[in-house]
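Q: Heads up: the sequence lines are chains A and B, in that order.
Each residue of the first sequence is one higher than the one before, starting from 1 at the first, in this note's numbering.
Each residue of the second sequence is one higher than the one before, starting from 1 at the first, in this note's numbering.
There could be a bad hint or two in this list.
[As the list claims (entries may be wrong)] Stretches of chain A that chain B covers, calculated by requiring three or more beta carbons in the stretch to come under 8 Å of a beta carbon on chain B:
| # | region |
| --- | --- |
| 1 | 5-14 |
| 2 | 18-30 |
[Unchecked claim] If the Cβ cut is set under 8 Å, some of the chain B residues that face chain A in the computed set are:
| # | residue |
| --- | --- |
| 3 | Gln36 |
| 4 | Phe134 |
| 5 | Glu210 |
| 6 | Pro222 |
| 7 | Leu266 |
| 8 | Gly267 |
| 9 | Ser269 |
| 10 | Met324 |
| 11 | Ala326 |
| 12 | Val330 |
| 13 | Leu334 |
[To be verified] Computed Cβ-Cβ distance ranges for the label pairs, DEER-style:
| # | chain 1 | residue 1 | chain 2 | residue 2 | range |
| --- | --- | --- | --- | --- | --- |
| 14 | A | Ile21 | B | Val48 | 16 to 24 Å |
| 15 | A | Leu17 | B | Gly496 | 25 to 33 Å |
| 16 | A | Ala11 | B | Ser365 | 29 to 37 Å |
| 17 | A | Leu17 | B | Val48 | 28 to 36 Å |
| 18 | B | Leu228 | A | Leu6 | 46 to 54 Å |
| 19 | A | Gly18 | B | Phe443 | 33 to 41 Å |
| 20 | A | Ile10 | B | Gly367 | 35 to 43 Å |
These aren't lab readings, by the way, just hints derived from the structure by calculation.
Predicted model, so just to flag it, every value in this text is computed and none were measured.
Note that beta-carbon positions come from the ideal geometry of N, C-alpha and C, so glycine has one too.
The lines below spell out each chain.
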Amino acid sequence: MTASALAMMIATWTVVLGFTITTFVAVVRRKPNESPPRDSAER
Amino acid sequence: MSSGESWRSRVGLVLAMAGNAVGLGNFLRFPTLAAQNGGGAFLVPYLVSFVLMGIPLLYVEWAIGRHGGAFGHHSAPGQMDRLGNRAWLKYLGAFGVFTNLAVAAFYVYIESWALSCAFHSVVGTFSRRAPGEFRASYLGLDRDALAVFPVEAAFWYVLTLGINVAVLGRGLTGGIERVARIGMPLLLGCAVLLAIRGLTLGPGDPGVVESPLRGLNFVWEPHASGLLDPTTWLAAAGQIFFTLSVGMGSIQCYASYVKRDEDIALGASAAGWMNEAVEVVLGGSIVIPIATAYLGLEATRAMASGVDGYSLGFASLPSLFSNMGALAPVAGLLWFALLFFAGVTSSLAMGQPVMAFLQDEMGVSRGKSAAAFCAATLLLGAVCVALYPGGAFGEFDFWTGTFVLVLFALGESIAFGWVFGIERGWAEITRGAEMRVPRFFRFVIRWVTPAFIAVIFLGSLVQPAVGWGAAFDSLAAGDGWPLAPGSVLGRLLHVGASDASWFDATTGAPTRVLVEDATRLLLLLVFVATCWLVRIAWKRKAAA
């Protein structure tokens, strides 16, 4: 691979995988929401 | 009733949302588009479109969905109606039911190809018969007719639709969430295995003529000229629409089952970025590198510019797998299982809004709504299957899978930022958010996203057959605007067709143009019928 293609690929993969892992880990780690489920009275 | 349901877990919700977005386009459409539009340079407008249009639209759709869900609306007509006191909002929302139904009709057909090809890979059909020839016969393209009845294709279609309806009938957590939790890891596993095998093909492997890394280079080599070409920007922004499944009404539907103070900003970001990772990292590492390894770069380059992703994935790749000898059935099974899981997690997201509309707004039970979705999809799907050679499938794909998405997204972004109001909208997006949503998105959602979509819409309307500069030169010289056959107006006017008549002048037989126009009329009637159902539902509610 050429240096420019490799640099483009690594830069894009880093950004995309970085955001993906960060956000998904945050979803997994977050404690369950303690607000009660919606019911008809709330509406 | 659907209103009593909610997601069992956040991970299940994010996987279902990501499964909705991750579809066949991630593996088939993205690599060919990137290769055709400047290689690595395509990624610049692509990522800019993702940040300025994709992420804001995800926030908007999740917010519309959760807001509407709090009032018991799990489909777009009711959700849009709750954004303001305007009668037209619910009819704008009708797009969110119509699109899902119409897209499901042809999308289930593609899914059924994957299922049948997985079967034929295992039983060794592709070692005896060229996949391209098999595909032509399977679809009825080998018969000189506009309408066909391909028995095997019809069988797999009905089976695939049956699987979808069976899952949908089991409800949100028992059906959709469970399939997403199983299907997404399987999909990722199949994709990783194929990418590793493809990228490690070497000179010692039978049939390999070139390093697959040259194919990877082809996808990623940045050509700066692509950055200045509006066509590249249009293609990149269009791909963001397809890949994220925005403008359909399915994200709003899934988000409506989220609890009131759930962090939707984080959920939307996680699902969106997961889709991007699958597309950019895995989607770009399978089809083009494998094709390059077995066909050589020049042949792959010609193939990528001359065919659509579907032909590449369903006809070309199986024949390349045959080079793998004893591993060919395994590679074929992995590839088609991957496509099937990618497809089914998306088509389930199309069924749920239609069923939710019938349940919430028309008072129909879950079982009956599943049966109604099945019957309607089957009827529309029959048109796609029987008239595939006549071009009906392509019409469904373009008008409902492309055009309407942009139209609906434009309407909902204006409704959210301007009718609902950015103050309330921003409060809805950030309520319950532990993640700090950059305030820059507030400005983007109100101004940039609608303008961005409007430019895409206008651009696709009049996209020229030549470069934009040459087209303006042609207009200035008084030679008119050279419409591309694939532009919206070009399609409407049948630009490029040798004869735009409905019947052949000599034989009197129906032409492809008749099939295309009849399909458009059918789709228009389905949309009008959806609006009519919305009207009835609201009249009944007003009278109750």
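Q: Against this structure, judge whether each hint is valid.
A: Each hint tested on the structure:
1. 5-14: Result for this restraint: holds, n = 6.
2. 18-30: Holds, because 8 residues of the region 18-30 of chain A bring their Cβ atoms closer than 8 Å to Cβ atoms of chain B.
3. Gln36: violated, 16 Å
4. Phe134: Hint on Phe134 of chain B: violated, closest Cβ of chain A at ~34 Å, above 8 Å.
5. Glu210: This hint is violated: Glu210 of chain B lies away from chain A, its Cβ roughly 13 Å from the closest one there, beyond 8 Å.
6. Pro222: holds, 5 Å
7. Leu266: Because about 6 Å separates Leu266 of chain B from the closest Cβ in chain A, which is inside the 8 Å limit, the hint holds.
8. Gly267: It holds, given that the least Cβ distance between Gly267 of chain B and chain A is near 7 Å, below 8 Å.
9. Ser269: holds, 5 Å
10. Met324: With Cβ-Cβ at 24 Å, over 8 Å, it is violated.
11. Ala326: Violated, because the Cβ-Cβ distance from Ala326 of chain B to chain A comes to roughly 30 Å (cut-off 8 Å).
12. Val330: violated, 27 Å
13. Leu334: Violated, because the Cβ-Cβ distance from Leu334 of chain B to chain A comes to roughly 22 Å (cut-off 8 Å).
14. A:Ile21 x B:Val48: 16 to 24 Å: holds, 22 Å
15. A:Leu17 x B:Gly496: 25 to 33 Å: violated, 42 Å
16. A:Ala11 x B:Ser365: 29 to 37 Å: Taking Cβ atoms as reference, Ala11 of chain A and Ser365 of chain B lie about 52 Å apart, which means the hint is violated.
17. A:Leu17 x B:Val48: 28 to 36 Å: 19 Å Cβ-Cβ, so the 28 to 36 Å window is violated.
18. B:Leu228 x A:Leu6: 46 to 54 Å: violated, 23 Å
19. A:Gly18 x B:Phe443: 33 to 41 Å: Since the Cβ atoms of Gly18 of chain A and Phe443 of chain B sit about 25 Å apart, the hinted range of 33 to 41 Å is violated.
20. A:Ile10 x B:Gly367: 35 to 43 Å: violated, 51 Å
Hint check: violations occur at hints 3, 4, 5, 10, 11, 12, 13, 15, 16, 17, 18, 19, 20; the rest are consistent with the structure.
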